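There are 2 protein chains.
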Amino acid sequence: MTNYTPGLHILSTFRAGSDKLTDIQGCRHLFDGLIESLRLTKTGEVYHAFDSGGFTASICLTESHVSIHTWPEFGKATFDVFLSNFLQDNSDKVRHFYADTLAWFEGTEEAVHHVTR
Amino acid sequence: MTNYTPGLHILSTFRAGSDKLTDIQGCRHLFDGLIESLRLTKTGEVYHAFDSGGFTASICLTESHVSIHTWPEFGKATFDVFLSNFLQDNSDKVRHFYADTLAWFEGTEEAVHHVTR
Numbered sequence: 008m009t010n011y012t013p014g015l016h017i018l019s020t021f022r023a024g025s026d027k028l029t030d031i032q033g034c035r036h037l038f039d040g041l042i043e044s045l046r047l048t049k050t051g052e053v054y055h056a057f058d059s060g061g062f063t064a065s066i067c068l069t070e071s072h073v074s075i076h077t078w079p080e081f082g083k084a085t086f087d088v089f090l091s092n093f094l095q096d097n098s099d100k101v102r103h104f105y106a107d108t109l110a111w112f113e114g115t116e117e118a119v120h121h122v123t124r
Numbered sequence: 008m009t010n011y012t013p014g015l016h017i018l019s020t021f022r023a024g025s026d027k028l029t030d031i032q033g034c035r036h037l038f039d040g041l042i043e044s045l046r047l048t049k050t051g052e053v054y055h056a057f058d059s060g061g062f063t064a065s066i067c068l069t070e071s072h073v074s075i076h077t078w079p080e081f082g083k084a085t086f087d088v089f090l091s092n093f094l095q096d097n098s099d100k101v102r103h104f105y106a107d108t109l110a111w112f113e114g115t116e117e118a119v120h121h122v123t124r
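Sequence lines, in order, name chains A and B.
First residue of the first sequence? That's 8 in the working numbering, and the numbers climb one at a time after it.
First residue of the second sequence? That's 8 in the working numbering, and the numbers climb one at a time after it.
Check the hints yourself; a few may be wrong.
With a straight-line cut-off of 27 Å between C-alpha atoms, the simulated DSSO-like cross-links for lysine-lysine are [stated by the list, open to error]:
hint: 1; chain 1: B; residue 1: K27; chain 2: A; residue 2: K49
hint: 2; chain 1: B; residue 1: K49; chain 2: A; residue 2: K83
hint: 3; chain 1: A; residue 1: K49; chain 2: A; residue 2: K100
hint: 4; chain 1: B; residue 1: K49; chain 2: B; residue 2: K27
hint: 5; chain 1: A; residue 1: K83; chain 2: A; residue 2: K27
hint: 6; chain 1: B; residue 1: K100; chain 2: A; residue 2: K83
hint: 7; chain 1: A; residue 1: K27; chain 2: B; residue 2: K49
hint: 8; chain 1: A; residue 1: K100; chain 2: B; residue 2: K83
hint: 9; chain 1: A; residue 1: K49; chain 2: B; residue 2: K83
hint: 10; chain 1: B; residue 1: K49; chain 2: B; residue 2: K83
hint: 11; chain 1: B; residue 1: K27; chain 2: A; residue 2: K83
hint: 12; chain 1: B; residue 1: K27; chain 2: B; residue 2: K83
hint: 13; chain 1: A; residue 1: K49; chain 2: A; residue 2: K83
hint: 14; chain 1: A; residue 1: K100; chain 2: A; residue 2: K83
hint: 15; chain 1: B; residue 1: K100; chain 2: B; residue 2: K27
Note that these hints are calculated values from the structure, not bench results.
If you're wondering where the values come from, they're calculated on a predicted model, not measured in any experiment.
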């Protein structure tokens, strides 16, 4: 049996403008591009827009998951990316996924947690 | 504007038997029951079984999300439940959801993080 190597999970709350916090299609395009360029494997996904203009999304990956909830009424979003290290060390991909997401949203971090699990 | 009240996110890694770690239908039944009894609102979900017998699931809720990844080859699972406190304090529901999940899996906790975000 291969040993279990904990993976990195980044949890972030960041502030952003309402143009990005309501752009569900732009976010989907961003995530799809990152999943492709980082060679991750999607097993399913949910994107749901709220009447408020905010949206929520969860993307299941064979490596684990990505999720985001946006709150344009509060000017912020909560974001998670967690990749297991089952076959290789994916920690750099976690950091890359988060950095590109924060950049696309032009976000300002309020609180970030790095959990190795 | 209502103030943003951070919600509770529980991240857990627990050990469990392979009978539970491969029971995707049983887990789905558990989660559906908890979502109903706790009066949460599902906006979409993904359940995916791996050839190894393990499975991964992400459930989007209007309140936020639940996800689990099981690793029968390592005898463990990683589980997340996060509910926002937008309309009411859902922290007790987060604890309840986690406690019932751990009980159903007859799990032994390895590492648990409580993040208020």
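Inset, instruction - Please name the hints from earlier in the document that this structure breaks, with their numbers sorted from lowest to highest. - result: 11
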